[in-house]
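Q: As a plain string of letters, each chain reads:
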Amino acid sequence: MAVDVDHSVVKSADHGTMLEYSTEDGALKILGFWFFLAQDMILFACLFATYLILHNRTAGGPSAMQLFDVPGFAAETFILLTSSFTYGIATFQMRNNRLKSMLIWMGITVLLGLSFVSLELKEFITYVLQGATISRSAFLSAFFTLVGTHGLHVTLGIFWMISVMIQLVKRGLTPVTARKAFIVGLYWHFLDVIWVFIFTVVYLTGVMK
Amino acid sequence: MGGVKQFLSHFFVTGPFEIGGDVSIGLVSLAILFVLTRYKLWGWLWRNWLTSVDHKKIGIMYMLAALLMLFRGGVDALMIRTQLALPNSQFLGAEHYDQIFTTHGTIMILFMAMPFIFAMMNIVVPLQLGARDVAFPYLNAISFWLFFFGAMLLNISFVIGGSPDAGWVNYPPLAELQFSPGPGDNFYLLSILISGIGSVATGINFLVTILKMRAPGMSLMKMPMFSWAVFATCIDIIFAFPALTIALGLEFADRILGAHFFTLNGGGNPMMYVNLFWMWGHPEVYIVILPAFGIYSEVVATFSRKRLFGYTAMVTSLLLIAIASYFVWLHHFFTMGAGADVNTFFAIASMFIAIPTGVKIFNWLFTMFRGRIRMTIPMMWVIAFIPNFVIGGSTGVMLAAAPADYQYHNSYFLVAHFHQVLIGGVVYGMLAGMYYWWPKMFGFILEERFAKWGFWLFNIGFYVCFMPQYPLGLMGMTRRMYTYPAGLGWSSLNMISTVGAFVMGIGFIFIVLNIVSSIRHPVKDTTGDPWDARTLEWSLPSPAPHYNFARIPVIDSRDQWWEMKQKGMTKPDDSTPLAPIHMPKNSGKPFIMGVLFFIAGFGFVFNWYVLAGLGLLGVVITLFARSFDYDTDYYIPVDEVKHSEAAFGRS
Chain A
1 MAVDVDHSVV
11 KSADHGTMLE
21 YSTEDGALKI
31 LGFWFFLAQD
41 MILFACLFAT
51 YLILHNRTAG
61 GPSAMQLFDV
71 PGFAAETFIL
81 LTSSFTYGIA
91 TFQMRNNRLK
101 SMLIWMGITV
111 LLGLSFVSLE
121 LKEFITYVLQ
131 GATISRSAFL
141 SAFFTLVGTH
151 GLHVTLGIFW
161 MISVMIQLVK
171 RGLTPVTARK
181 AFIVGLYWHF
191 LDVIWVFIFT
201 VVYLTGVMK
Chain B
1 MGGVKQFLSH
11 FFVTGPFEIG
21 GDVSIGLVSL
31 AILFVLTRYK
41 LWGWLWRNWL
51 TSVDHKKIGI
61 MYMLAALLML
71 FRGGVDALMI
81 RTQLALPNSQ
91 FLGAEHYDQI
101 FTTHGTIMIL
111 FMAMPFIFAM
121 MNIVVPLQLG
131 ARDVAFPYLN
141 AISFWLFFFG
151 AMLLNISFVI
161 GGSPDAGWVN
171 YPPLAELQFS
181 PGPGDNFYLL
191 SILISGIGSV
201 ATGINFLVTI
211 LKMRAPGMSL
221 MKMPMFSWAV
231 FATCIDIIFA
241 FPALTIALGL
251 EFADRILGAH
261 FFTLNGGGNP
271 MMYVNLFWMW
281 GHPEVYIVIL
291 PAFGIYSEVV
301 ATFSRKRLFG
311 YTAMVTSLLL
321 IAIASYFVWL
331 HHFFTMGAGA
341 DVNTFFAIAS
351 MFIAIPTGVK
361 IFNWLFTMFR
371 GRIRMTIPMM
381 WVIAFIPNFV
391 IGGSTGVMLA
401 AAPADYQYHN
411 SYFLVAHFHQ
421 VLIGGVVYGM
431 LAGMYYWWPK
441 MFGFILEERF
451 AKWGFWLFNI
461 GFYVCFMPQY
471 PLGLMGMTRR
481 MYTYPAGLGW
491 SSLNMISTVG
501 AFVMGIGFIF
511 IVLNIVSSIR
521 HPVKDTTGDP
531 WDARTLEWSL
541 PSPAPHYNFA
551 RIPVIDSRDQ
561 WWEMKQKGMT
571 KPDDSTPLAP
581 IHMPKNSGKP
591 FIMGVLFFIA
601 GFGFVFNWYV
611 LAGLGLLGVV
621 ITLFARSFDY
631 DTDYYIPVDE
641 VKHSEAAFGR
651 S
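As you go down the protein sequences, you meet chains A and B in turn. Residue 20 in the working numbering sits at position 20 of the first sequence, with consecutive numbering throughout. Residue 303 in the working numbering sits at position 303 of the second sequence, with consecutive numbering throughout.
Hints were generated in silico from the structure; no laboratory data involved. Be careful, since some hints might not be right.
Calculated cross-link-like contacts (lysine-lysine; reagent style DSS-like; alpha-carbon spacing at most 30 Å) [what the hints assert, rightly or not]:
| id | chain 1 | residue 1 | chain 2 | residue 2 |
| --- | --- | --- | --- | --- |
| 1 | B | LYS589 | A | LYS170 |
| 2 | A | LYS170 | B | LYS585 |
| 3 | B | LYS524 | B | LYS571 |
| 4 | B | LYS306 | B | LYS571 |
| 5 | B | LYS589 | B | LYS306 |
| 6 | B | LYS212 | B | LYS524 |
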């Protein structure tokens with residue numbers, strides 16, 4: 001903590017004008033969050049590795065080719081990528097100190113996130129109704145766990161974003177709320193990057209064979 | 001009625017050892033409750049400890065928990081050795097024996113070694129860096145309580161539900177539902193998953209602390225060696241623990257959702273678990289040994305009255321070990337049959353680690369060379385560590401030779417090897433650190449008489465216990481066998497080994513006696529620098545005030561405090577005016593979150609999903625409650641700082 005102490009390496013010049021980096025506490029938390037993302041990346045890497053090992057082990061059950069629905073996952077991809085863009089605009093508005101516009105763009109992001117989660121849920125329900133459950137085969141275990149872990153992250157992100165929006169409404173743009181909004185943004189973009197890999201490794205390669 | 005009775009007989013484990021456990025847990029809990037109530041200590045406990053976000057107090061709690069777990073794991077060890085003392089022994093029976101070696105390994109690695117290194121990190125790192133706390137004090141408290149309640153969850157399995165019994169590595173398919181039904185393995189999975197979250201948070205916390213909170217002037221290459229070791233450890237924690245989380249999480253999905261990651265049917269692949277487990281498991285052994293290396297570096301320099309020999313080489317080898325640790329995991333299962341080329345890569349990578357480790361050994365020796373050595377207790381543990389680690393390291397290189405490993409694999413040769421590096425390396429290091437920093441934690445020095453008894457008994461006991469296990473392994477005795485027939489030539493070596501284990505146990509009792517007698521007749525440390533040491537933590541009074549530094553020092557050399565003393569200073573520069581100090585407020589939420597995680601874990605263990613869901617919901621609510629709490633810090637006014645500094649004879 002010790003916010004007032006002039007530690008040697010805290011404020012780098014290019015972060016000086018940004019509200020979220022304006023206190024030592026804010027800068028520390030943002031750096032800490034980057035390391036959190038690093039460990040989360042390893043977490044997903046292990047899930048990807050597991051999926052790659054198990055993706056052909058269908059045990060006589062449905063394969064990726066038979067299950068995946070191209071328009072469905074294309075829509076999910078489009079929506080999630082767009083939501084990352086809209087959050088980028090929210091951050092831009094934050095930098096320009098336009099709270100109202102920032103909240104609107106965050107709201108749009110939340111709505112896009114919700115539609116992504118609903119589509120994914122619908123996809124999962126469709127599979128389960130066809131008998132393709134997590135206990136059907138190793139392939140489906142790996143599929144549901146990898147994609148589901150991402151989906152859980154997105155769901156948590158939505159609640160988190162709403163909570164930050166409430167705090168922004170209550171307290172306005174301060175170094176603390178700006179830092180929170182910035183960190184949710186990092187998290188959201190990170191999930192987008194993970195989705196790009198899920199899109200390629202799971203869905204595209206799944207339907208291309 | 002019959003249903004209830006049947007449920008209770010499964011819920012509470014019944015047997016002579018478990019009933020003994022029940023009775024002792026009950027008596028100890030009653031005694032604690034009585035003392036707390038009788039002396040009206042509940043408020044004190046809550047305000048000063050359970051809600052504390054002070055890194056020094058959190059460190060002390062980690063250390064007490066680690067010593068307690070060392071006792072529990074040690075009792076397990078003695079039961080193992082008693083069972084193996086004689087051939088055809090029926091002291092424990094196969095089922096009990098399996099449970100006990102499982103909890104012994106799990107507790108010693110995850111609930112003894114880990115909290116002990118976290119204790120040393122917490123107590124020392126901010127003080128060495130000239131910081132007032134870690135980067136995220138609140139998160140630090142969460143880490144501790146997740147560890148604590150994770151450890152409780154595992155320990156409770158002894159009397160409720162039944163202990164895990166698939167080995168500390170919990171390999172499938174044995175650990176799958178098909179072969180290990182019941183709650184035992186769930187206890188293993190949940191307790192480690194919960195405490196693992198805390199470990200990752202600690203890794204992030206200390207990495208940011210080290211990168212961003214060093215006192216002005218302390219460049220990385222002026223940082224004390226223990227902090228460097230913690231830096232390397234944190235990198236390993238952040239990038240290794242997720243693999244454990246995934247390995248255990250997927251196994252848990254197999255057990256409760258009927259998934260097929262590691263099962264024998266449904267296309268599962270048990271070897272995937274083994275790979276994921278050791279992708280964490282091998283970095284893990286460096287996670288626990290690197291801080292010990294850091295402690296050796298501090299102690300050896302202080303008690304040789306010389307600066308550490310080869311600082312740059314020490315830093316380089318720390319980082320090389322930290323990175324190379326990711327490329328050796330397969331040496332835990334050369335016998336998987338990955339092929340000669342894969343085994344060769346991992347064999348060479350494993351042998352490579354001996355090079356930076358050897359560099360470190362020589363640097364410690366050269367630090368002592370022509371130094372004015374003082375044989376204090378911490379220094380004795382350091383010197384005893386060196387031959388231990390040389391033997392343990394050499395047998396490690398033997399095990400790393402893939403073709404030969406087919407002979408040693410899972411034999412007592414391996415058991416002797418890893419006990420030699422983990423006890424001789426980690427436990428000796430932690431004990432050295434405990435004796436060295438004890439005055440900084442509590443303001444008094446541990447007396448030497450019992451400490452020496454403890455040292456010699458533990459050391460001699462160690463060699464008597466583990467040296468016979470090398471030949472036993474070469475003679476074909478494999479690990480985890482609960483008994484053996486007479487006439488194999490193993491009996492006398494096993495008996496010797498058991499005697500050694502009990503001598504170590506007596507040594508441990510002496511260390512505890514040492515602490516108790518020192519508390520009763522404390523030798524006060526009034527200077528704050530009882531060892532005439534070198535780094536910043538010794539420039540503070542003992543114990544350090546809760547804000548650590550009244551003024552943040554400005555650093556211009558590696559052994560800052562030593563250099564200041566050479567210039568004739570007896571306390572830090574106090575010419576600059578004091579300023580109000582910004583501090584984090586205590587909070588009960590980390591403790592509550594730990595309890596809620598415990599409830600969720602307990603629910604999952606018994607497949608009571610309503611309870612589990614309520615626990616998890618509680619955790620989420622606590623997280624959001626914290627997010628909406630803006631009253632998290634305060635300022636200590638200058639007058640109060642002045643007052644408290646004056647009490648230490650400073651201004």
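Q: Now look at each hint and say whether the structure bears it out.
A: How the hints compare with the structure:
As the CA atoms of LYS589(B) and LYS170(A) are separated by approximately 23 Å, the hinted pair is consistent with the 30 Å bound. For a cut-off of 30 Å, the pair hint linking LYS170(A) to LYS585(B) stands: about 23 Å separates their Cα positions. A threshold of 30 Å between alpha carbons decides the hint, and for LYS524(B) with LYS571(B) the separation of about 18 Å falls inside it, so the pair holds. A distance of roughly 21 Å separates the Cα atoms of LYS306(B) and LYS571(B); the hinted pair therefore holds under the 30 Å criterion.
Restraint check for LYS589(B) and LYS306(B): not satisfied, since their Cα atoms lie roughly 45 Å apart, outside the 30 Å limit. For a cut-off of 30 Å, the pair hint linking LYS212(B) to LYS524(B) is broken: about 34 Å separates their Cα positions.
Violation of the numbered hints given earlier is confined to hints 5, 6; the remaining hints are satisfied by the structure.
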